[in-house]
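Peer 1: The chain contents come next:
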Amino acid sequence: MQKIYTIKQLKTIANDIRIDIIKMLAKAGSGHAGGSLGVTDILVALYFGGVLNYDPKRPNWKERDRFVLSNGHVCPALYAVLARAGYFSRAKLATLRKINSDLQGHPDRTSLPGIETSAASLGQGIGVAAGMALAGKLDKADNKVICLTSDGEHQEGSTWEAVNFASHYKLDNLINIVDRNYVQISGCTEEVMHVDPLADKYKAFGWHVMKVDGHNIEQIQRAFLKFDHIHERPIVIIAKTVMGKGVSFMEGDHNWHGKAPNEKQAKMAIHELISKIRNPKH
Amino acid sequence: MIKISDKILNKPEKKSMRDGFGDALLELGRRNPKVVGLCADLTESVKMEAFAKKYPTRYFQCGVAEQNMVAVAAGLALAGKIPFASTFGVFFMRTVDQIRISVCYNQANVKLAASHGGITVGADGATHQALEDLGTMRGLPNMTVVCPADYWQTYKATLAIAAKKGPCYLRFGRGEVPMITSKNTLFQLGKAQILQDGTDVTVVACGIMVYEALKAADALKNKVSVQVINCHTLKPLDKASLLKAARKTKAVVTAEEYQVYNGLGSAVAEVLSQNYLVPIEMVGIHDTFGESGKPEELMKKYHLTANDIVLAIKKVLKRKHECSPNSH
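Chains as they are written, first to last, in numbering that gives the first Met the number 0: chain A, 0 to 281; chain B, 0 to 327.
In case anyone wonders, no lab produced these hints; they're calculated from the structure. Note that beta-carbon positions come from the ideal geometry of N, C-alpha and C, so glycine has one too. One should not assume that every hint holds.
[Unchecked claim] Partner residues aside, some chain B positions facing chain A, computed with beta carbon under 10 Å:
#, residue
1, Ile-1
2, Ser-4
3, Arg-57
4, Ala-64
5, Val-69
6, Gly-74
7, Leu-75
8, Ile-100
9, Gln-106
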């Protein structure tokens, strides 16, 4: 049974996770800071906000909800969350991207408990998630499969093959959260290769569409309570996020997509995040 | 060793390998409720329709979307099913990223059944003739690659890969081909089969070229003692059997319905060049795409006949006698 946290506590946890991410990336010397910080609130809502049904001591528990990270590059956030949730020791976070580490640059399912699929090549994880949801339907299971995708990976055709498949097979036990930060390596998604109108596209593909503020943990939690009455349609939650959220000099900057902070930058970022914990604004 | 009767050489019974797959899948469906089938709009062509009809809740049509089919298969496998995903060998090529990461890197228990392997696909032409798939799959870590020689071997290989844990790629052909083995012939994944023993030269073949190898051996029976090995499993390769054979005959010919680059010939050459050098000749497609035609015509035009193996045997024997790089 998971502990129930207040919103205030969840926000503190999210900040702690962000500090873990910054430390982890600075130590590793490489990695994806922007997206990792951007998805932190979503992951905190899932793992600590009572959304995901899981047991860190039994990562292969058959009845668990599965969280599939499709945009694998934001794994520092997932690693930090899994460590805090008790899947493995937080001491391992310092080994990110180092040789022989369990914390690979992009998730390796076989090396770390809590990782449902080795995802990194965009547009694949969502298909794998659909397969897992399909198995759930076949077994008449109660658990759900929650997938996290980036907006950029909606430029991959295989993503839409999975989207089409999921509605065809009425996978209402599949929820896809889109990290909609409007940013990718080359700049704004709409200038690089337009992704919008994303909600309309999902509607056209037969999904139930919801929109949330990806940094409002309470909103994310409430979204998951809203679809018990949705049947025979998979659900997409388009979460509006800010790349680099929480660190002022990273926010909204696509250059932080694939960069890790150096020691000086990490110090500044952690200082900012700690002051947020000491003086929470809301 | 199996008994190669005159009947097999002269008037063999014929059955398609894809039927072997379809029949085995149906049997697997009966034996194991975890077995599920996936197809990409080619159900009848890959002989999955019997399974689909008998087990409709365990059969998933994926439409013309092979990449997703493979990703979904990986998800099903990770959730405890034993998925058989099938399409033509050529259409698995677009899914190599999914096979590489979601299947192989994940070590997901996915069985890829690639039908219509080789040039004998026939009239559909080059785009539909898989001549580059075996090497691609061979190059992926954690993958098992099997290329059976006839109906019964395909049937048994299908059962064998269901029993083996981990990613498997099974490649079989479209057409009706001679039945070399019987229902009772032993088939072991990863173990090369000596179909016929000999002392002068070893022919290592897979798929339909195994029959051509037997015909070639028969054509030379009074002049050359030919050992014929059916090397159905390209990965993991039965290195021990191949080295034993090379040490015995000191001359090797490989034969496959595949490019001469990157397939069985290359696999055999990798082992021999690193362990026991003997002259090797390779029978296969010489770095070209195929074309439309009748299977027999194509085999002739693209040098995939018993006669081509005979010529290769003669060539390798000449080289064997000209230089012996290994002393006893």
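Peer 1: Classify the hint on Gly-74 of chain B as holds or violated, based on whether any CB of chain A lies nearer than 10 Å to its CB.
Peer 2: holds, 2 Å
Peer 1: Interface hint check: Gln-106 of chain B, Cβ to nearest Cβ on chain A, cutoff 10 Å. Holds or violated?
Peer 2: Hint holds; Gln-106 of chain B Cβ to chain A Cβ min 6 Å, cut 10 Å.
Peer 1: Hold the hint about Arg-57 of chain B up to the distance rule: shortest CB distance to chain A must be less than 10 Å.
Peer 2: holds, 7 Å
Peer 1: Quick one, is the Ile-1 of chain B hint okay against chain A at 10 Å, beta carbons?
Peer 2: violated, 40 Å
Peer 1: With a cut-off of 10 Å, does the beta carbon of Leu-75 of chain B approach a beta carbon of chain A closely enough for the hint to hold?
Peer 2: Hint on Leu-75 of chain B: holds, closest Cβ of chain A at ~4 Å, below 10 Å.
Peer 1: Hold the hint about Ala-64 of chain B up to the distance rule: shortest CB distance to chain A must be less than 10 Å.
Peer 2: holds, 4 Å
Peer 1: Tell me if Ser-4 of chain B is really an interface residue toward chain A, meaning its C-beta lies closer than 10 Å to one of theirs.
Peer 2: violated, 46 Å
Peer 1: Ile-100 of chain B was flagged as interface toward chain A. Is the shortest Cβ-Cβ separation under 10 Å?
Peer 2: holds, 5 Å
Peer 1: Let me know if the C-beta of Val-69 of chain B comes in closer than 10 Å to any C-beta of chain A, holds or violated.
Peer 2: holds, 8 Å
Consistency with the previously given hints fails for numbers 1 and 2, ordered from lowest to highest.
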